[in-house]
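Trainee: With the sequences and hints as input, model every part of the structure.
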Amino acid sequence: MESSKKINRAGSMSLTNETIRTRITEKFGDQVTNFEESYGMLSFEAPKELNLKVLQYLYDSEELRFQFLTDLTAVHFPDQAGRELAVVYHLHNLVDNVRIRFKIFTDIKTPEIFTATQLYSSANWMERETFDFFGVNFVGHPNLRRILNVDEMNYFPLLKQYPLEDQTRIDKDDAMFGRKGTL
Amino acid sequence: MSESHHIKLPEGSIEKTTTTLNLGPTHPATHGVFQNILELDGERIVSAEQTVGYIHRAFEKLAERRPLYQITTLTDRLNYCSSPINNMGWHLTCEKLLGVSTPKRVDYLRIIIMELARISDHLICNSVVGVDSGAYTGFLYVMQYRELIYEIYEEICGSRLTTNIGRIGGFERDFTNKAFEKLEKFLREYPAVLKEFETLFNRNRIFMERTIGAGPISAERALNYGFTGPNLRAAGVDYDVRVHSPYSSYGDFEFDIPVGSTGDCYDRFLVRNGEMWESLRIIDSAYKKIQDFKGPEAEVYHADVPEYYLPEKQDVYTKMEALIWHFKIVMGETEIPPGEVYFSVEGANGELGFYLISDGGRTPYRLHFRRPCFVYYQAYSELTKGSMLSDAVIVMSSLNLIAGEMDA
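Chains P and C, in that order, give the protein sequences. Be aware that the first sequence starts at 1, since it is given in the numbering used here, and climbs by one per residue. Be aware that the second sequence starts at 1, since it is given in the numbering used here, and climbs by one per residue.
Since no wrong hints were added, every one of them can be taken at face value.
Calculated lysine-lysine pairs in the DSS-like style (CA-CA distance at most 30 Å, straight line):
id: 1; chain 1: C; residue 1: K313; chain 2: C; residue 2: K328
id: 2; chain 1: C; residue 1: K319; chain 2: C; residue 2: K104
id: 3; chain 1: C; residue 1: K61; chain 2: P; residue 2: K48
id: 4; chain 1: P; residue 1: K109; chain 2: C; residue 2: K61
id: 5; chain 1: P; residue 1: K160; chain 2: C; residue 2: K61
id: 6; chain 1: P; residue 1: K103; chain 2: C; residue 2: K61
id: 7; chain 1: C; residue 1: K195; chain 2: C; residue 2: K178
id: 8; chain 1: P; residue 1: K103; chain 2: C; residue 2: K96
id: 9; chain 1: C; residue 1: K96; chain 2: P; residue 2: K160
id: 10; chain 1: P; residue 1: K160; chain 2: C; residue 2: K328
id: 11; chain 1: C; residue 1: K289; chain 2: C; residue 2: K185
id: 12; chain 1: C; residue 1: K195; chain 2: C; residue 2: K289
If you only want the chain C side, here are some residues facing chain P, beta carbon under 10 Å, derived:
id: 13; residue: G53
id: 14; residue: G226
id: 15; residue: T228
id: 16; residue: H244
id: 17; residue: G339
id: 18; residue: E340
id: 19; residue: Y342
id: 20; residue: Y376
id: 21; residue: E382
id: 22; residue: M406
id: 23; residue: A408
Just so you know, the hints here were simulated from the structure itself, not pulled from any lab data. Note that the coordinates shown come from a computational prediction; the quantities given were computed from them, not determined experimentally. Yeah, the Cβ is synthetic: ideal placement off N, Cα and C, and Gly gets one too.
Mentor: Printed below as a string of structure tokens:
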């Protein structure tokens, strides 16, 4: 209880999702869209040319101060034509203790997005991981190589077109493993 | 120089003056499967390049085809020195998505288990820092208390390392009396051991010489590199998920956040030691709170979530509905409500985050683990640049790099 008091000690006025939304809209107008709140976390998206501008603004703004990159990853939505890949940034304002989620959608044919490594050193490996699994090409990244998979791999394994083995498949019958099966 | 060893170099070639050294992937000093390619000038490190991914097991892909319970076992294998924290983090993420609220007693039991895990993790890390600086005694001495912690896990869930402990909504069974007895024994005996462990190291001249100033990092750089947990706190930033976004009723407890200032190996060591004391404090008061529960409240060990919490075995045999739930849960045939959630817990190494997207199917649409280790290991080359080879080893162990967590 003592500790919960400590959280807001630095922020004289706590930063609300409403304020963040207003500030971003003031700055970028209707280019930043799809504001929504899921489980208390504000989420929004921007066109992919703007990703660095928005990140830089969130970093530099004296009110917003989103200077900690918690997480960076991607999600594949094969059914959304032209918006197949979503690159998701989770940012954290450690002073006011507010988190936001920022998404960039891109088509899968030209998955090119500016790198955030100049802003966050931590983005280096996170972007390499995202490239490794989704093929997102981070333009300007100093060393965009595979990181967890083998270098020789020629596909991006977390894309949805590579399904895991179907658990109901019948060619892996028990009989093949020396047990009683139906074959 | 080249005359002395009679090697005729082609015209215009530059002689390499540095030595390349592969530290890892199977080097005893790396304590895990990862590689550091060091460029050495004599014994001084010019540059280091880290390679990870040797034990990548595609957890995120696997999770897309697994019902929630089968993912718990995947989380075990992230930071395997403190798997209960990962398990609890995963259950709490699911609970957040499903909107399940847990009884207070469950929260406190979880806190006990998570803090025990934190102690066992820090214990390993700090004693290994000792080993790498030439002091084996501490490691052997504290090992019996990690063993005691593992015995407590064993009493609760049946396994020791990859625990798969707890269920959505609570625990699979109540803590046994034996578990509480062992916990009491731990609380009684461990403070003296930790005190002695500190006496061995904290003011030890050799240890101090080896660790002070080794692999330092400033608060700004640490934040920019995405440091969290003890390594960030050693650099002087008091960010702790338990305090900033309290989960599992951490808000009911009073504890301090130990911080360092220089972010070097010595500070990291002290911060971890300090955290063990705080964890002890938390466990002690959580145990007291648990003893205060009276009547039916003192028996509660799970929330009422029939969709996800397995019914009593006796009911499965006698009641139709329980039988249906049992099969639906075991076969993973429960639809997860659609939603997008990020949840994080304070893992032993820092902020362990789960980014879970559900599209309403039976398995997650996408699950991403934010592994603290993976994020901060990037800083390794900056931490070791210009230091000695022996520092490279101690920096590695004091960062507490766990290959399982890095590679997911």
